[in-house]
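Q: Here the protein sequences come in this chain order: A and B. Here the first sequence is numbered in this note's numbering, starting from 2 and rising by one per residue. Here the second sequence is numbered in this note's numbering, starting from 12 and rising by one per residue.
Some hints here could point you the wrong way.
What the simulated footprint calls covered on chain A by chain B, stretch by stretch (three residues with Cβ under 8 Å from a Cβ of chain B suffice, anywhere in the stretch; the number is not a length) [unchecked claim]:
1) 4-12
2) 116-125
3) 128-139
4) 211-217
5) 261-273
It should be emphasised that the hints constitute simulated quantities derived from the structure, not laboratory data. The C-beta atom is built at its ideal place from N, Cα and C for all residues, glycine as well.
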Amino acid sequence: MEWIQQLVNGISLGSIYALIALGYTMVYGIIKLINFAHGDVFMLGAFIGFYAIVRWDMHFILALLLAMVLCAVIGVIIERVAYKRLRNATRIAALITAIGVSLLIEYTVIFFRVRGASPEAYPEVLKNKTIDILGVQISTQSIFILTVSIVLMVLLQFIVHQTKIGKAMRAVSHDADAARLMGINVDNTISATFAIGSALAGAAGVIFGIYYTRIDPLMGILPGLKAFVAAVLGGIGIIPGAMVGGLVLGVVETVVSALGYSLWRDAAAFVILIFILILRPAGIFGKNTREKV
Amino acid sequence: MKQRKLKKLASIFLASSVLVGALAGCGTSTSGGNSVSDDSDTIKIGANLELSGNVASYGSSIGDGATLAVEEINAKGGINGKKIELIKVDNKSENSEATSAAIRLAEKEKVVAMIGPATSGNTVATVSIAEKYKVPVVTASGTAPNVTENKDGKINDYAFRTCFIDPFQGTVAANFATGELGAKNVAIYADNASDYAKGLAASFKETILANGGKVVAEEAYVAKDVDFKATLTKIKSANPDFVFIPGYYEEVGLIVKQARELGITVPLMGADGWDSPTLVDLAGGDALNNTYITNHYSSEDPDATIQEFVKAFKAKYNEAPNAFHALGYDTVYFLKDAIERSGDTITSVGIKNALAETKDLSLITGTFTVDKKHNPVKSATVLEFKNGSQVFNSKVNP
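Generate coordinates for the entire structure from the input sequences, incorporating the hints supplied.
A: Rendered as structure tokens:
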């Protein structure tokens, strides 16, 4: 029974990683940039949801949607202001800029918040009931997290594979110059990618707040890094890879804690990253492509 | 640029004046501390407190409590006909300021005893000054063991405290668990990143084993974690009938919430690190039912002397006294008791000797005896959470 319970714990944690990892992977897929500010968009989503629920008395579904919309806008602004002009710069320049944007967001929030870096407690918006199935305790919140994550992932698959913008995204990711020659507006497509990725991060922020209660301006750092590991694990740039990578990482971390090595839990994620980079740099779902010289 | 230079100059000047002061102190105080001359009608006691800075609320609470006690004593005629004069100095919650405040009190104001800073770190910064000038320093709320005992196990002769030390709360929690709750198989889930929590966990375990209990699970977490479910599931499968969680409210709030979600219904217990309204926000009142904390004192304690103190305090300050108020108040009475026993001529060295010999002194935060390590052996108060508010449960003796 204990192990089924642990599996439930792991999947709940993993689906949050998966939601954040999706944004990483989409952005990387299209402009080959590791957007380190992504974890902070996740944090902004959590705070937008928090204020929407506490200050403006919004229903939490509305708060979730609001956080997604505002995060999408923020994501586009970040892309337009910080990354767009670096599209032809070296990768390291773009990476450093991403770290800069990340720090800027974190400390701007700390500066403008009355309570600085001190944490905030999410209100209990979902009456949390625990359902007992054969000795396994599943809280309604975990079910809610899973449902929302699955719905968002299915929606994403639909957008990427069935819509025009999705087709454009796949085309730009494959070859931006060729896509431009075919009449695709590359700039708008990239912005759309940032918008969708950031909206998912915003949703993850609100879900995180509801599930774990405590949010603070630096909360995005570690989940952001973990989601990055998840994205690499699944194969960066590949959307189903991010989902699987997130879930696998959540379960692995839970198993490490369950075996009594809870202090090694964070290390486990990064050990996985190292092994993946050594043994299979393209990730679980990646194809080994030879670098063009 | 000019301003920066000026600042630098000023700091050099300050530093050198402190140094000169300290050297001068060396010359004059070898004779054996400060004393109250027989024809003087006041006893000067210093209060080196955090009146501004990041822990200002601790320092000013202690100051308020101490002021009330001094007024009471003076209204009743003082000590042997001499009135107490409390000299408050702000140490701005900084170690270096605490040191210079202590020098000022001992050297310039010639106090016979000092009420020390509120935090352990600031108190440690004053200990060497206390030794040098032979003026005892008594901290009201510095709970770290190293205030009275240095790294090599040597006792700091002139350092005392009114509060119990951190590990003691672990002992109290263990006695409460086995005695009051009848727990036999306990689990420990401690913050691995703080000495405070590790000290509590170690003394809790020691006492539980001594009481014939069994530790069925011993786990650790790191500050800033948010997901504790995996470890809690593991603890649950070990079937403990009591879980001890020493740590601070930010994590504990989440641990309590997640433990209840996973169906851990047994009593949970912690120490004064839980004492914050944020804990209730994070965990929710329902989850906190059947949890306990140890603390220095409770304003809801039905004891008559405590209620009298609460009444007097409310009359003066219009609020219920918290633990810091009570400890500040007690510190003055702790000193008063020592001054009365120190002999006809009041000297700082005499007070120090009397403080070390304090026995069965009855105060607001418990009846105590000072042990060999200058720590009071006294009872702790156990509080229970009921629908999100702390309710007095019982007093546990060491």
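Q: Next step is simple, just say for each hint if it's right about the structure.
A: Each hint tested on the structure:
Coverage of the region 4-12 of chain A by chain B holds. Counting CB-CB distances below 8 Å, 4 residues qualify, and the rule asks for three or more. With 3 residues having a Cβ less than 8 Å from any Cβ of chain B, the region 116-125 of chain A passes the three-residue criterion, so the hint holds. Coverage of the region 128-139 of chain A by chain B holds [criterion: at least 3 residues with CB-CB distance below 8 Å; count 4]. Counting residues of the region 211-217 of chain A whose CB falls under 8 Å from any CB of chain B gives 3; the rule of at least 3 is met.
Chain B is given as covering the region 261-273 of chain A, and this holds because 5 residues of the stretch bring a CB closer than 8 Å to a CB of that chain, at least three being needed.
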